[in-house]
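> As a plain string of letters, each chain reads:
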Amino acid sequence: MTYLLLEQLNMIQALPDAQRFMGHAKRTKPAEDPSLTHTQADSPMGEAMRLHWQPVCMSSQLNDLPLPVRILSEDLVAFRDKTGLVGLLHKHCSHRGASLEFGRITDKGIRCCYHGWHYAHDGRLLDAPAEPANSPLLQQVKQGAYPVIEFKGLVFAYMGPPAQMPPFPHYDSMHLPDVELVPYAISHDCNWLQVHENLMDPLHAVFLHSRMGEIQLTEAWGEMPAVEWFEKGDRVCYLTSRQIGAHVWVRFNEVAFPNFGQVAGFWEDGLTAKFFERVGASRWTVPIDNTHCWIFGWRHFSPSLEAKGMGNASQVGLNQLDIYGQTGERVYEEMQRNTGDWEAEVSQGPIAIHASENKGSSDRGVVMLRRHLAQGINSTHLPAGSIDGQTPTWTCNVVLHRPSPMASDVEMKLSVPELLSIGRSVKTVILAADCLSPPLRQAEIMAQLQALSKPYE
Amino acid sequence: MTYLLLEQLNMIQALPDAQRFMGHAKRTKPAEDPSLTHTQADSPMGEAMRLHWQPVCMSSQLNDLPLPVRILSEDLVAFRDKTGLVGLLHKHCSHRGASLEFGRITDKGIRCCYHGWHYAHDGRLLDAPAEPANSPLLQQVKQGAYPVIEFKGLVFAYMGPPAQMPPFPHYDSMHLPDVELVPYAISHDCNWLQVHENLMDPLHAVFLHSRMGEIQLTEAWGEMPAVEWFEKGDRVCYLTSRQIGAHVWVRFNEVAFPNFGQVAGFWEDGLTAKFFERVGASRWTVPIDNTHCWIFGWRHFSPSLEAKGMGNASQVGLNQLDIYGQTGERVYEEMQRNTGDWEAEVSQGPIAIHASENKGSSDRGVVMLRRHLAQGINSTHLPAGSIDGQTPTWTCNVVLHRPSPMASDVEMKLSVPELLSIGRSVKTVILAADCLSPPLRQAEIMAQLQALSKPYE
Amino acid sequence: MTYLLLEQLNMIQALPDAQRFMGHAKRTKPAEDPSLTHTQADSPMGEAMRLHWQPVCMSSQLNDLPLPVRILSEDLVAFRDKTGLVGLLHKHCSHRGASLEFGRITDKGIRCCYHGWHYAHDGRLLDAPAEPANSPLLQQVKQGAYPVIEFKGLVFAYMGPPAQMPPFPHYDSMHLPDVELVPYAISHDCNWLQVHENLMDPLHAVFLHSRMGEIQLTEAWGEMPAVEWFEKGDRVCYLTSRQIGAHVWVRFNEVAFPNFGQVAGFWEDGLTAKFFERVGASRWTVPIDNTHCWIFGWRHFSPSLEAKGMGNASQVGLNQLDIYGQTGERVYEEMQRNTGDWEAEVSQGPIAIHASENKGSSDRGVVMLRRHLAQGINSTHLPAGSIDGQTPTWTCNVVLHRPSPMASDVEMKLSVPELLSIGRSVKTVILAADCLSPPLRQAEIMAQLQALSKPYE
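Protein chains in written order, with the working numbering: chain A, 1 to 457; chain B, 1 to 457; chain C, 1 to 457.
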């Protein structure tokens, strides 16, 4: 009874029943879990991330000027020299510490503004023009630098111990025919993990993206799915299965240790059959420091993925994406009225407090992911093998005709076990094809799924 | 001799006499007094404040969107559901920590944006729609919440242990006939105490509001008063007595433990007799955290209080008041040229350093207030009793004809003891009427004061 | 091999040779050297600075309002009272701590806004108007204050122990005939030392100001000089000698313990003979706190110094100077494209990390300066003696005809030893004249240098 006009009660206002209110009992907040959330040098999660290639900027950010970047709490400067080589150097010049963001890009490196020390993209000191030509500094000094690979508009660096540098991970989804990868980068004012684990949380899509307000994707997302989560090797995955009228839409998403993830195409409506349509976005959640992070990734565009014309490659780039609610650049009132992933993730605080959570069965993916990360820190998950230089990934949308003994049952709702069973059949088909070379695999999976789709015809 | 043109002295510039300057000797600053200034959970003063109802926002701030508020270093979200009930919940959802400031207000509570968890105004979990209907979470989870009472446009919360929740304090001044209470809220970038103790410091009005520059209220405030401070129960009070020509203006102000205060009408000029004219503003100084606070309160408007037309209810609200110098929203140069309470208080620093002060006889109220607060922390001051559901308060302006054996003495200045004696007579009349019911009390006090006003007629 | 189009390599992208990259090995950063960089009260360097007169603001900043200043991590308020006396007081009023930046300037001091306490420029409490006339506070209270001398548009304070106050340092360069001293003040967002030591680093001018991009001064600065650094008493100095065609330009700069420095005229082109042309700027690098500082100083203007019309006294003042790149008020892209001293200094970080540097022979001045500072902290360097009330300084530009046995050798480049020898001859002439009174000295040095300039005629 908290809202009474005093006048109505002759000046005796009823007090609330205080015993019901738990604010005082629950006011003390536990601390964050540093083992998964902290990523500076020498932190367990930070060292695990450093053993993998990490995006650090977009190619389009490298013009004729150096770019200061902060990654994993390290201050760095990226640049492309005039031969096209990309360098990623420690920010402060080894000479007297001026920032190389004010350096001059040269034919084969960068010169510090202050005294002209000239570094190659790999940190070699090529020239220290105020020193004698025989200065021992030229042999002794190396600017801190990290190996870089540039791929499809993203610049990746390896920041771990040199002896442990892994191959660059060529996921099959980076090489699909007819797919254009459009790079993007979105900054978040919070810890990396609360952004990343959203990928293994399919239920939020039902609410945040659908039922809570405006339809942010398609109506089908608002249908409650049956979900199966599973771990396999370096992956954590889920399949959601939703009945959409006479069809069942199975969505298969995955993350790979430590911070890569893929989601299937965004605009699925589940209304027509579809067999192994692939990825909508591939992305890495990269810590800037412990309370800020980037999503670096690619939006995938193809005629099939964009058949409905809902995507827009021209809106994909630095702090912009053609999916609603992914950036922090809207006004506060709009964030309140039509909340997106960005607010749901960032508003958990600078570092989300796991010990304050109350997780249910719908959070199984988040629980599984955190455990998978913890295990990965202590004993690296083996990365999956590759075929023809590509590592198979599973992310896809599949839409099957619903199984039914008779067409007249088409209005009957499938049960959760029936939906889960369909999802598992899809999973079985897809995983079984890992050993095939890419074009064979695509054809084989599509054929098998098409077969699954026709039991009642 | 610090300002000499060298040329005038043939290049021998006299040095200052360094021994006179105490900057070096006094450069080390002591620390603040945490016992009175710190108010986070488990701090002595913070726990004392939590045993009392505290305003947390204005009713007008609660529209169709949730309102994030920070009170006593706790992050909260206030909202009014569609039935009109006001809730005050911990900011972070008990599920996975998304901020409820991005929740959707419902018919009977608020739903978290992320997975739709639905909380009643008292923190009960009504629904967790991604969980099974029989999920134990529905019984186990309670969102941190505090009991709320809404009154006259302010929302009050009780943030202490439930078993110790006191009645809502119905001061008589909240129920005066013909008085409109207009709510306001003003943020201050400093600790709460340096804002609150200004209320027991009547001398600053002579200087800050009058003699230092522009007349911010009326000329009468610039007259040096005789002051009596006293403690009684949960109150610290003062009476200032000023001779204004043929009249004596007695002003009676009070604060109540821990952070409530009232000041009498603002526009008094002392030129005409007045008997027990009441309050100009009632207010609470509420910590946001240890270095920020709100004043929440009501400006009182009545035909009598505003007879001069100097107040303006349309200028009273969020970070605005119809009294000069009460907000931080003026430009710096205006703050320097015509300084108000806001600057005098905030410029003492994030937390004023008591150990650096040099207090004199004019600071007796501040000293008394701090001692009263320290005593209140250790053994709660008993709140005053109530009559007909109202607790009597004393704040008022009284203007009496000056006592004089002969009309010809009217030009003679009253001495400080004479002024103090008049103040004490007023105090005696007013305090003696505490036991009367509100309408009787008003009539009795006015009659007694009117009698005091006529000794020489 | 970091920039390969995958397509060109049939999807097998070559990995960089990780062993060459030292980023991981060098990622841990040591701490700053607090003994030279920290300057708060009781720090070794801070106490050394407090034993010297320090500029704290410009005269032009003192108008009819008080000026808050922060110097050596102390919060202060400067003001000029109505008789012209300048006061420098602790910011917080000794009464109850309100900031004196909101005080009222009076005929002979300043009154606190809050209760009108009235302080003289030396901190004496002249009046506490809310207290009785016989209050012991009037004798007991002194506002923290520092002795001040105002000179040529700068306000200097002595913030050390009164018994050790030194004379004001009248350098000869403050009293040169026909020279106008135009005061300026430039704030820097970094520690003082990385700003100050730039003065003993003549090589940066070759790169930062010349070869790295636009010519910021004259082309002659881009010629690599032969440099000699030396210490003498409280000074660290250098002479740079550059052959400019048929002339040799010798530039003589100096710093004096702890934070004073002078640089010779800026616009020298070395094309015509010049004998002992003096100072371009005299300046002190004054800590605001450990991560911010001011340069306070004078630009020197004279018909001779400004013969080329490149300077502009109207661009000299608060955060502006008529030399490119000295302030932080340009846009970031311009800072990147045409980098100035401000960025080179500030971008070293809040406090430059000496232990991360790799210093070479060109950094000898910086090494010498830091050692000189460390020695000065432990045993004060004796200041140089004065003649006729002036302390001789050496800063100057000298341009001599190059020595040559035959005119036909004029195209031959002088060797570094030859250039050093010429520099030393100039140094010998200038230092030998220290004992002469100012006008005699100027004439004597010019005559001697003129003699040096004619060996091959």
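Treat the hints as calculated values from the structure; they're not laboratory data.
Treat the hints with care, as some may be off.
Pairs of lysine to any residue residues, derived as SDA-like cross-links and limited to a Cα-Cα distance of at most 25 Å, are as follows [as the list claims (entries may be wrong)]:
| no. | chain 1 | residue 1 | chain 2 | residue 2 |
| --- | --- | --- | --- | --- |
| 1 | A | K108 | C | K359 |
| 2 | B | K152 | B | G349 |
| 3 | B | K413 | C | S135 |
| 4 | B | K26 | C | L15 |
| 5 | B | K82 | A | L15 |
| 6 | B | K108 | A | S210 |
| 7 | A | K82 | C | Q164 |
| 8 | B | K29 | C | P68 |
| 9 | C | K26 | A | P162 |
| 10 | C | K91 | B | P303 |
| 11 | B | K91 | A | R211 |
| 12 | B | K91 | A | P350 |
Some, not all, of what chain C presents toward chain A, calculated at C-beta under 10 Å [unchecked claim]:
| no. | residue |
| --- | --- |
| 13 | F21 |
| 14 | T28 |
| 15 | S386 |
| 16 | D388 |
| 17 | Q390 |
For each residue, glycine too, the CB sits at the ideal point set by N, CA and C.
> Now tell me if each hint is right for this structure.
Going through the hints against the structure:
| no. | hint | result |
| --- | --- | --- |
| 1 | A:K108 <-> C:K359 | 24 Å, holds |
| 2 | B:K152 <-> B:G349 | 33 Å, violated |
| 3 | B:K413 <-> C:S135 | 23 Å, holds |
| 4 | B:K26 <-> C:L15 | 64 Å, violated |
| 5 | B:K82 <-> A:L15 | 20 Å, holds |
| 6 | B:K108 <-> A:S210 | 21 Å, holds |
| 7 | A:K82 <-> C:Q164 | 59 Å, violated |
| 8 | B:K29 <-> C:P68 | 18 Å, holds |
| 9 | C:K26 <-> A:P162 | 12 Å, holds |
| 10 | C:K91 <-> B:P303 | 44 Å, violated |
| 11 | B:K91 <-> A:R211 | 22 Å, holds |
| 12 | B:K91 <-> A:P350 | 14 Å, holds |
| 13 | F21 | 5 Å, holds |
| 14 | T28 | 7 Å, holds |
| 15 | S386 | 35 Å, violated |
| 16 | D388 | 40 Å, violated |
| 17 | Q390 | 35 Å, violated |
Going down the numbered hints, you'll see the structure goes against 2, 4, 7, 10, 15, 16 and 17, while the others check out.
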